[in-house]
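There are 2 protein chains.
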Amino acid sequence: MTPETNSVTAPAITPPQRVLLGPGPSDVSARVLAAMSAPTIGHLDPEYLKIMDETRSMIQAVYSTKNEMTMATSGTGSAGMEMCVVNLIEPGDEMIVGVNGVFGTRMRDVAERSGATVHSVEADWGQIIQPDAVAEALKQHPSTKVVGIVHAETSTGAHQPLVEISEMVHAAGALLLVDAVTSIAGVELLVDEWNIDAVYSGTQKCLSCPPGLAPVSFSQAALDVMDKRQSKVQSWYLDIFMLRNYWGGDRVYHHTAPINMTYALHEALRIVLEEGLEARVARHTLHHRALRAGLEAMGLSYVPEHSLTTLNAVRVPEGVDDAVVRKRLLSEYGIEIGAGLGPFKGKAWRIGLMGHSSTRRNVLLILAALESLLAEQGAAFTRGAALAGASDVYAPA
Amino acid sequence: MTPETNSVTAPAITPPQRVLLGPGPSDVSARVLAAMSAPTIGHLDPEYLKIMDETRSMIQAVYSTKNEMTMATSGTGSAGMEMCVVNLIEPGDEMIVGVNGVFGTRMRDVAERSGATVHSVEADWGQIIQPDAVAEALKQHPSTKVVGIVHAETSTGAHQPLVEISEMVHAAGALLLVDAVTSIAGVELLVDEWNIDAVYSGTQKCLSCPPGLAPVSFSQAALDVMDKRQSKVQSWYLDIFMLRNYWGGDRVYHHTAPINMTYALHEALRIVLEEGLEARVARHTLHHRALRAGLEAMGLSYVPEHSLTTLNAVRVPEGVDDAVVRKRLLSEYGIEIGAGLGPFKGKAWRIGLMGHSSTRRNVLLILAALESLLAEQGAAFTRGAALAGASDVYAPA
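Sequences listed follow chains A and B, in order. Mapping to this note's numbering: the first sequence position 126 is 126, numbers consecutive. Mapping to this note's numbering: the second sequence position 229 is 229, numbers consecutive.
If you are wondering where the hints come from, they were derived from the structure by calculation, not from laboratory data. Be careful, since some hints might not be right.
The list treats identical chains as one, so a pair stands whether inside a single copy or across any two.
Stated by the list, open to error - Listed next, the in silico DSSO-like pairs over lysine-lysine satisfying Cα-Cα at most 27 Å (straight line):
#1 K345 x K50
#2 K232 x K145
#3 K50 x K327
#4 K327 x K145
#5 K228 x K139
#6 K228 x K347
#7 K145 x K66
#8 K327 x K345
#9 K66 x K228
#10 K347 x K327
#11 K66 x K50
#12 K50 x K228
#13 K145 x K50
So here's chain A without its partners, still in its complex pose:
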């Protein structure tokens, strides 16, 4: 080793064991970490192709879809967003995007970069997109090709109903694109029943897998639209036409899949299906209710009217320093929660109860820790009310 390289060789990593109650990543099961560290094999090895096939089948099950074009994109959730948009959109196409937080804003940006003429349907951050507003936009822009909407707005905690909007979109002859990053495997998400044409997600939320892959799925109607494209997809890396030959029967080499990340996702999906989707959604609902009872008993109010069960965005109480509380949670308790974004910067916390992190232990822990820290900061609330409120939810009827 030369002295120069010696000086930049970092010590071995020693990441601490956090309790991940932020907007993602969530806690990862030891089973998933163990699977991820299985021996790396070739991406065209028959043993790996079998793992890819099984992974696809399990993604289909978790999305409640029979869509053949279902796969894990070799990138994070935002790559999944871009994959959906760039494959559906050609320059000059019209797209309606629901914008009520960071991820709707991002989808609009991605669509514009793909050459779409974007019509935004806006709502205040924390609110859901109103079906009437989508109907109005579809009426004003009858040539709309795709309507994009965020099912679970991670920046505000808003839980967007989709069924009514899906009916409108299809009645207008458009396709429905859904961001399910924070909803997959945490809240009800029925891709086929709700007639969703393109959906993407991330691995690091309610799937409780490390970040790095984006499960996506496309309906036959979406594939039919892609087959009629006049121009090549602007992204080579995310081109579904080529990826269909790689994830499909032909196994035509496209890129080298992230082998060990696929191992991790495979195990994470196994855990989801072992629990069962309905039981998993019920678990997220239960712990959300308990947390909510506790937070509200401490006087904290929720940002969204329609809150996700997987992400709890609450207002920072008057006189409490947002950053101090988060820093002390991290340094003294090893607990991560998320900061507010955009208009909620410094004004809200985002407490995730996703996947492996959604447990009674974590609900009581975060309530206890917050009660202790908020009391120190002089916030006014009845001591003990938070834990009592949460416990009531857990108590047998």
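Once you have looked at the hints, place chain B on chain A.
Frame of chain A, contents of chain B only:
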């Protein structure tokens, strides 16, 4: 668990312990797999930001560059290629691409999708791109903004000299973009000394890390060109302008980095720097020489005139069935080697000796296995010559 989800829940993965001597992935050290399975923490956790900083410093060291804009892209090597191209190219820009294999062909495709007017400088597969041909192209297309070339053409094993071409490119006022996927940490690669303006690589070759990240680096000249862009980068996910704020001091949230993959890369880089770049390049050279002596003693000829030390593309002997040999190597020996691509489909093997796979043990193993299988297929060669040839290279002078 419902009966339906039960039926798709796959069994736990049990990937076998292969010996990876194909075109990548290469064998991954147990140290890297262990680091990868360390607890997942938040991507904005101070402990993770430290790991990102250290990772960047070590990528700089391995690329022999001081470029500040050096990072690991959240995708595989092909995402690194696309990142470099889409950030440098605006619609209508002229780009020269050296095309002598799969990856030059891919770069041309990516550039065209970015709106570039591409001028190809071609060579037969297996040959290098001739500096004279680049000079001629630069003369014919004086407005060329970027020249893209593949340092290590994984599809043919050709090792492209860069110094002379770099001088021409810069004399013509253009930028040099280099594909270093199969060269990083395996053959000499001096980004600053050779005046490379944009370079990308993958983790699964000579870095011996699982696939999933793409180390990239941009010179100040490249950043200056990006700063003068008239249009947004067409890819949101790969937009350097935003990623500079995420990997830079501001840590502005862009996407959730693949935490555990970063752990793996961090450890893989540590291993590279512990060995030292010069010693590592010398090791790859030694084992390549031994393998080459052995293969040639068995009558196998190399495809490229200028062969990489990291990838050995050799012609399948007359009368030998390419696929049978590869399948038997995999099933009976657990050894992966690569098939030929394009014009070499069925006609060449690609034997990688990359990173952790580049060892005397593997050289003698693959030679012994090939000798045994080729003899069974009736290939004509002197038994024992291959191992003797390789051993001679290892023998003290």
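Can you list which hints this structure breaks, lowest number first?
-> Hints 4, 6, 12 and 13 are the ones this structure does not satisfy, whereas the remaining hints hold.
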